[in-house]
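Residues per chain are reported as follows:
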Amino acid sequence: MTKQLRMLAPEAFRDKLNRRAFLKGGTVAAGFAVVLTACGGSDESSDGGESTGEASGDYSRVVNKASGALAMYTWGDYNDPELVGSLAESELGVTMKVDYYPSNEDLITKLAAGAGNSGFDIVVPTGPYIPQMVEKGLIQKLDMSKIPNFSNVDTAYVGRAWDAGNEYSVCKNWGSTGYIYNKTKITRKMETWQDFIDACMNEASGDCAMIDTGPNLCGMWYWSKGKNWNSQDEADIAECERFLVEEFAQHIKAFDSYPSTKLAEGAYSVAMGWNGDLRQAYTRIEDAGGDPDEWVWVLGAPATELWMDTYCVAAGAPNPEAAHAWINWELVPEISIRDLQYHGYNTGMKNIDTLIQELAPDLVRGEMIFFTPEQVATFQTQEISPLTDRQVEIMNKVKAKAGG
Amino acid sequence: MAATVANKRGWRPRGPKFALALPSIIWYAAFFVAPIVFVVLYSFGTKDINRLVPVDFSNPSTASYSAVFDETFFKVFRGTIRIAISATLLCLLIGLPVAYFAAFKVGEKWRAIVLAAVVVPSFTSFLIRTVAWRIPLAPNGMFSKWLQDIGLVGDNGIQILETAAAVQLAIVYNYLGFMILPLYVAFDRIDVLLREASKDLGAGRIATFFSVTLPLAGPGIAAGVLLTFIPMCGDYVTATVLGGAKGNMIGAMIASQFNQAQNWPLGSAMAVLMIGAVLLVLVAGAAIVWAAPNVLVVFEPLVQSLRRRAAQRPRQVGVAPSKHFALADSVLHRALGAWTVLVLVFLFIPVGLVFMHSFNRGNSFTIWSYAVSTKWWGELFDAAVFAQTVALFAALVAAGVVAQRVLRKRAKFGGGHSGWIVPSAFALAIVVNGVLTRWYATLFDFSGIGDAIRNSFLAALGATIIAVILGGTSGVALARRPGAWSSAFMVVVFLILVTPEIMEALALATWFPRIQEVPLVGYVFGSGWGPFNGGMNKLWVGQSMYSSAVVTLIVRARLAGLDESLEQAAADLGAPPGRAFRQITLPLIASAMIAGGLLSFALCLDNAVVSSLISEAGSTTFPVALLGATRSTIKPFWGVGAISLFVVTMASLWCLVVVLRRGGASAGNIAATLTGN
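Taken in sequence, the protein lines are chains C and Y. For the first sequence, numbering that gives the first Met the number 0 gives the first residue as 0, with consecutive numbering after it. For the second sequence, numbering that gives the first Met the number 0 gives the first residue as 0, with consecutive numbering after it.
It should be emphasised that the hints constitute simulated quantities derived from the structure, not laboratory data. Mixed in with the good hints there might be a few duds.
[Said to hold, decoys possible] Simulated pairs of lysine-lysine, DSS-like, Cα-Cα distance not exceeding 27 Å:
1) Lys182(C) with Lys224(C)
2) Lys184(C) with Lys224(C)
3) Lys104(Y) with Lys184(C)
4) Lys144(Y) with Lys396(C)
5) Lys396(C) with Lys245(Y)
6) Lys224(C) with Lys188(C)
7) Lys144(Y) with Lys245(Y)
8) Lys135(C) with Lys145(C)
9) Lys182(C) with Lys198(Y)
10) Lys184(C) with Lys198(Y)
11) Lys145(C) with Lys64(C)
12) Lys198(Y) with Lys104(Y)
13) Lys226(C) with Lys188(C)
14) Lys396(C) with Lys226(C)
15) Lys245(Y) with Lys74(Y)
16) Lys349(C) with Lys64(C)
17) Lys182(C) with Lys245(Y)
18) Lys64(C) with Lys140(C)
Assemble the whole structure, with the sequences as input and the hints as a guide.
Below is the structure:
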């Protein structure tokens, strides 16, 4: 009885699969790998420039080492990729994992669904949302003894109304809201929110993008009328709803909190956005072979918002040590300015003008990061109230109407 | 069931009829029925954002339902159903010729190739293929510029993205494979003799197709329609990635009620109504299919008289009918072949684009920078780690060869086990080693893609094991011990298959926080056990639901087709029920369980909706991480990650399929078992 040679390979192959063939194949594979490694370059440098050296001035530069994994749930494109990647590993000793959300409501829902076990260490809510997150037990108190670099933060950004003692949050950066438009498609000069609304309803109908949060969408209407978006006036909110749902919704092409990539794809001719993200759009448009000079950034007028995003530590964070170490490290001026060059938002460091001159002298489009006192005077800060929920509901209806 | 010699020891199976299906019953009750019941309950509450669970039950009302019927939301419903129906019909029209071609017009070898070509794109990540459609459709992209140059498109470029048309296109693309496969199996199962008989009796090609082939393929067509229509209704990913504001589908809308608007009552009402709408359309479709032959009977006399008249017409002299046949046949063959090639090219376009853009020098996956670079792949082949893994692989192979030689010398085994060395070395060095040491976490330095791939595999593996165990046991119970319980159980299984994924995802996402207080269960989903954290356990639960239902049906169909005589014989010969199950039943359903396991693994690997809503930071899978990246920038190394995932998946599946082949199952057999024929 002949014993069958059972082998998990076709007949013809069986004879060839011996040691010689394996060695040959293995050498080829290894050679291939060597070639590809040689071709593989280093990380592409970030959109900003490289920091040049150290700043003068009296800053705290304590760096606490940590270990393990650090999970951050944040806004998109909000940190220099090298800081989050290789530098976090080498300087801090942590491996970072980052996930993104488009709005504060998404953040709150995700943390609430996790019920203290969401797995995130660091979250980045916008300031006014912090009280309700504290109430729902979603974030924990900071141990400020582990964040000695906190003294580097400009006192103007310390102790805000929604977290007077900085018990839960530390300023990450602050910014404002405006829009960008393509001047070859919309030839008239645009300067105000009303111009934006007019363009969206006419030249750019079906070609415009809104930020994907309720307050921003409704706020745009309020600001275009010169009103305060925290106004509790019932008639105002009703008119806002009527206008947005009945007249405006059908012209919207997309709800996109981060339009920079799609702008480069050519998806929109006008897009509402946050100043830093729209600043990144210019680089992306250039990368894609477009002409950045075709695009014009407009800060919302006559009014717009001032928002501040903060670092908080989530309740039930698996690695709070590393979370504090990260926040502390982000407040080192050199690191902070490096981040600023990437994401394009004012990080609230002390004497930031001097820092910029020393560390990033060739910063492009600085007018999109730093605002004049006249501009800042027109900024309104959000106040959470039952109205906020109403604004979310309005956005819901607008989305449904836009889809029809 | 002939009466045999009465078994003296009385080894009749005791216990309630549903005993074998008990694990499944408990599992479904705990993780499907209960969460869904709660979702339905939410729909009667009112929104209250001050609570952690933002639903207020003090004043139950149907206000949410009336809100849904408000024209604003209802339009989205109608639009979704319209897209789903037209996409299903398109898939049917596009896929039918391909299935027909593969089943009737080609030989065995080409058939395998065509089928493989249809199935292979489905093994790349669903999400990356959907994202890849942004590349050709970009208004600024190469394709758009070319169309502008030749004047087919206006100045603004292709304006398909962010509209319902893009969603329609991507949905048809994504589900085409799910239509072709059941159609092929249905055609394949038709007895060739029946078609030949029809032709011998004088029916033309068309008459044969409509009177013989199509009716016999009916169940397969129904399966294909179900497999495509139902997921399309609940689609969430395509609408999110490609749809923009205009391409809004109900799945995305329901998700945003829970994620953003925190309006759980409204979202739940929408979800309940969505299931109702899907069932309504299915019932309407079934009614049409049932009524159609009855309606056509009315036209029968007319058709007959037409045929008689055609037969009486004088034939052309001198031209043999067979020559007509041959000419028309070859034209048909060429046409079908050309169509099949076109469809296959269509299926591979996004895959090719993913591959091409993984070499993009620029920083964006979707925007081609007109320059290539291997730097993203350079990250993959980190020399030290790669060399280590290859060394481990080589060492294992060498160890296997040595061990085999030694054992052969001792004459313990014949020479026949050398074939196991390479695949098992691969499995150990790459897969198991990867799970244990996360060697490829170091390959992808940023964005945790390596971790995401590892989590994807772990989740899919665990969910598949659960699905196969549950499906195997309940399938056997349904086939062998049916009773009053089986109809109720089948209703639950059917519901699991019919419920769109977004609904299950939300049910589980709102359910897990609720059961945190339950002592052991809460611990498992909170801190996890062993090396698996709570998030991974949640993923196993979420991903195993649909898969276990599929495996149940497959096993049941397989076993129902075999009569009980073997098992009866075993009982008569004195085998206790446990042994009879292990040695008789289990091998019978082995191929069904393996086929079901394969399908389940593929489905779980690609699972995006359930995973993204219940995922936690430490257990993000590849599709979930990619979905998150769509909110930021997608860099080209996602293409590298997708292709690596694809390669490892295909390698693992190749090993398994070869094992199956040795076990006697052919490609057709596997495909048949998969669709329950």
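Here is how each hint holds up against the structure:
Of the supplied pair hints, the one linking Lys182(C) and Lys224(C) holds, its CA atoms being roughly 24 Å apart against a limit of 27 Å. About 25 Å separates the Cα atoms of Lys184(C) and Lys224(C), which keeps this hinted pair within 27 Å; it holds. About 54 Å separates the Cα atoms of Lys104(Y) and Lys184(C), which puts this hinted pair outside 27 Å; it is violated. Proposed proximity of Lys144(Y) and Lys396(C) is contradicted: the alpha carbons are some 36 Å apart, above 27 Å.
This hinted pair checks out: Lys396(C) and Lys245(Y) have alpha carbons roughly 13 Å apart, not beyond 27 Å. Between Lys224(C) and Lys188(C) the alpha-carbon distance is near 19 Å, which keeps this suggested pair within the 27 Å criterion. Between Lys144(Y) and Lys245(Y), the direct Cα distance comes to roughly 24 Å. Compliance with the 27 Å bound is thereby established for this hinted pair. Between Lys135(C) and Lys145(C), the direct Cα distance comes to roughly 25 Å. Compliance with the 27 Å bound is thereby established for this hinted pair.
Straight-line distance between C-alpha atoms of Lys182(C) and Lys198(Y) comes to about 68 Å, which puts the hinted pair past the 27 Å bound. In summary, the hint linking Lys184(C) to Lys198(Y) is not supported, as the alpha carbons are separated by about 64 Å, beyond the 27 Å threshold. Distance hint between Lys145(C) and Lys64(C) is fulfilled; the C-alpha atoms sit about 11 Å from each other, no more than 27 Å. Restraint check: the Cα-Cα separation between Lys198(Y) and Lys104(Y) comes to about 16 Å, which is no more than 27 Å; the hinted pair holds.
Simply put, Lys226(C) and Lys188(C) have alpha-carbon atoms about 23 Å apart, close enough for the 27 Å limit, and the pair holds. Using a Cα cut-off of 27 Å, the hinted pair Lys396(C) and Lys226(C) holds, with the two alpha carbons roughly 22 Å apart. Using a Cα cut-off of 27 Å, the hinted pair Lys245(Y) and Lys74(Y) holds, with the two alpha carbons roughly 11 Å apart. A distance of roughly 24 Å separates the Cα atoms of Lys349(C) and Lys64(C); the hinted pair therefore holds under the 27 Å criterion.
Taken as a hint, the Lys182(C) and Lys245(Y) pair is honoured in the structure, with Cα atoms around 25 Å apart against an allowance of 27 Å. With a C-alpha separation of about 20 Å, the suggested pairing of Lys64(C) with Lys140(C) holds against the 27 Å cut-off.
Hints 3, 4, 9, 10, counting from the list given before, are not met by this structure.
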